[in-house]
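Given only the sequences and the hints, what does the whole structure look like? Please build it.
Number of protein chains: 2
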Amino acid sequence: MIENIVPNTLKKVVEEISNLPGYGEKSAQRLAVSILNMPRGESLELIKTFMELLEKVHPCRECGIYTEEEICSICRSEDRDKSIICVVEESFDAFAVERTGKFRGLYHVIGGRLSPLEEITPEDLNISTLIERVNKLHVKEVILATNPTVEGEATASYIYNLLKNKDITISRIGYGLPFGAVLENADDFTLSKALEHKTKL
Amino acid sequence: MIENIVPNTLKKVVEEISNLPGYGEKSAQRLAVSILNMPRGESLELIKTFMELLEKVHPCRECGIYTEEEICSICRSEDRDKSIICVVEESFDAFAVERTGKFRGLYHVIGGRLSPLEEITPEDLNISTLIERVNKLHVKEVILATNPTVEGEATASYIYNLLKNKDITISRIGYGLPFGAVLENADDFTLSKALEHKTKL
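Protein sequence lines, in the order shown, are assigned to chains A and B.
The first sequence begins at 0 in numbering that gives the first Met the number 0 and counts up one residue at a time.
The second sequence begins at 0 in numbering that gives the first Met the number 0 and counts up one residue at a time.
Be careful, since some hints might not be right.
Note that identical chains are pooled: a pair holds if it fits in a single copy or bridges any two copies.
To be verified - Heads up, simulated EDC-like pairs for lysine to aspartate or glutamate below, C-alpha to C-alpha not over 20 Å straight-line:
#, residue 1, residue 2
1, K55, E69
2, K25, E118
3, K163, E14
4, K139, E69
5, K192, E150
6, K10, E67
7, K55, D80
8, K192, E152
9, K192, E14
10, K163, E140
11, K47, E67
12, K139, E183
13, K10, E54
14, K25, E14
15, K197, D186
16, K10, E51
17, K165, E183
Just so you know, the hints here were simulated from the structure itself, not pulled from any lab data.
This is the structure:
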């Protein structure tokens with residue numbers, strides 16, 4: 000029955016959005032309807048901006064952070080410590096680390112995480128370019144800041160194994176309870192990591 | 000700091016997506032990055048489909064369901080009972096009701112819900128056209144199938160008040176526990192409605 004009444008173009012757009020990571024059929028529908036419900040001027044503007052995004056924004060040739068230039072401002076900067084590289088999954092992770100103001104080294108965006116389920120293998124990620132950079136820049140420390148998820152952990156340990164025989168410090172971002180968290184609601188993994196990484200006062 | 004490193008076009012697209020209902024900054028970022036991360040062919044295809052969606056799909060002139068024709072297939076059908084109208088918030092609600100195969104009347108999409116917070120007033124919804132249709136089609140029953148949320152309730156009771164003096168049956172979709180629900184986890188409102196609407200066996 001539904002096949003007959005949902006317009007084909009609407010079905011097609013919902014299908015295409017559903018392929019995006021994190022989107023299911025319901026959220027895809029919601030996005031499609033939101034765009035249809037917008038005043039026409041705004042929806043056209045949004046699509047124009049998507050187009051502009053694809054034309055102007057691309058990964059930095061060095062570190063892979065999304066930028067409108069060939070080499071991003073961090074890689075070009077004279078003020079950054081080129082002997083430390085912070086490895087992240089996506090550009091927005093780097094933007095988040097940058098927002099803390101606590102890191103003055105370079106980044107390396109690998110563009111995802113290893114995931115057997117999604118068939119993402121090391122070749123699909125920018126890992127070989129990381130090794131090249133580590134060698135070329137005479138890096139002293141690599142901070143593995145992939146997400147603390149099962150896939151993020153696997154990715155970090157894969158990279159660790161590639162680097163462990165080099166004369167560099169390899170570290171993993173700290174684990175523990177997030178600020179403002181309630182112990183009772185924390186999951187077991189987080190809580191056990193928080194205990195493991197207790198700090199002497 | 001972040002202002003300097005996030006590309007302007009990326010900031011702009013995240014801002015525009017954040018304006019969509021249900022999207023916050025994080026989910027907007029995720030969508031923007033997903034589109035950037037797609038193979039170029041697929042992302043261009045997605046944008047082309049969005050464009051096609053805006054060109055081809057529009058509300059049915061009669062009932063407001065999204066369709067590629069001037070009048071949707073339900074309004075044109077000879078097999079539907081034109082004396083019953085099911086009032087829904089959005090097209091996808093009608094598609095969901097249609098999927099049950101239990102309803103053979105017509106629909107009326109009001110295009111949202113009353114919401115003082117979002118400044119959505121009766122004039123922003125297709126309510127006056129509903130009243131016109133009720134009169135024109137000699138409707139005998141109106142089923143108010145807006146969502147069982149605070150706003151959906153307010154919208155249903157607003158429409159009820161406009162129709163209550165006419166010689167028609169006005170009903171509200173049934174309330175109760177969703178299929179497969181666990182009593183312990185049900186919220187108080189749902190549970191009290193489920194008790195109120197108990198069925199004699």
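Notebook entry, point to check: 20 Å Cα cut-off: does K10 pair with E54 within a copy, between copies, both or neither?
Noted result: between (27 Å within a copy, 15 Å between copies)
Margin query: At most 20 Å between alpha carbons: which applies to K139 and E69, within, between, both or neither?
Written below: neither (25 Å within a copy, 66 Å between copies)
Next item on the list: At 20 Å max between alpha carbons, let me know whether K55 reaches E69 within a copy, between copies, both or neither.
Entry: Within one copy only: 10 Å inside a chain, 38 Å across chains, cut-off 20 Å.
Notebook entry, point to check: With identical chains treated as interchangeable, where does the CA-CA distance between K165 and E183 reach 20 Å or less: within a copy, between copies, both, or neither?
Noted result: neither (41 Å within a copy, 56 Å between copies)
Item checked: Intra- versus inter-subunit Cα pairing at 20 Å for K197 with D186 -> within (17 Å within a copy, 38 Å between copies)
Notebook entry, point to check: Between the shortest in-copy and the shortest cross-copy C-alpha distance, which are at most 20 Å for K192 and E152: within, between, both, or neither?
Noted result: Within one copy, since 13 Å is at most 20 Å while 46 Å is not.
Next item on the list: Classify it for me, K163 with E140: is the Cα-Cα distance of at most 20 Å met within a copy, between copies, both or neither?
Entry: This pair counts as within: shortest intra-copy Cα distance 11 Å, inter-copy 74 Å.
Margin query: I want to check one pair: K192 and E14. Are their C-alpha atoms no more than 20 Å apart within a copy, between two copies, both, or neither?
Written below: neither (40 Å within a copy, 36 Å between copies)
Notebook entry, point to check: With identical chains treated as interchangeable, where does the CA-CA distance between K10 and E67 reach 20 Å or less: within a copy, between copies, both, or neither?
Noted result: between (33 Å within a copy, 12 Å between copies)
Item checked: Alpha-carbon proximity between K25 and E14, which holds within one copy, between copies, both or neither at 20 Å -> within (11 Å within a copy, 22 Å between copies)
Next item on the list: Give the relationship of K163 and E14 under a CA distance limit of 20 Å: within one copy only, between copies only, both, or neither.
Entry: neither (43 Å within a copy, 41 Å between copies)
Notebook entry, point to check: How would you classify K55 and D80 at a CA-CA limit of 20 Å: within, between, both, or neither?
Noted result: neither (28 Å within a copy, 53 Å between copies)
Going down the numbered hints, you'll see the structure goes against 2, 3, 4, 7, 9, 12, 17, while the others check out.
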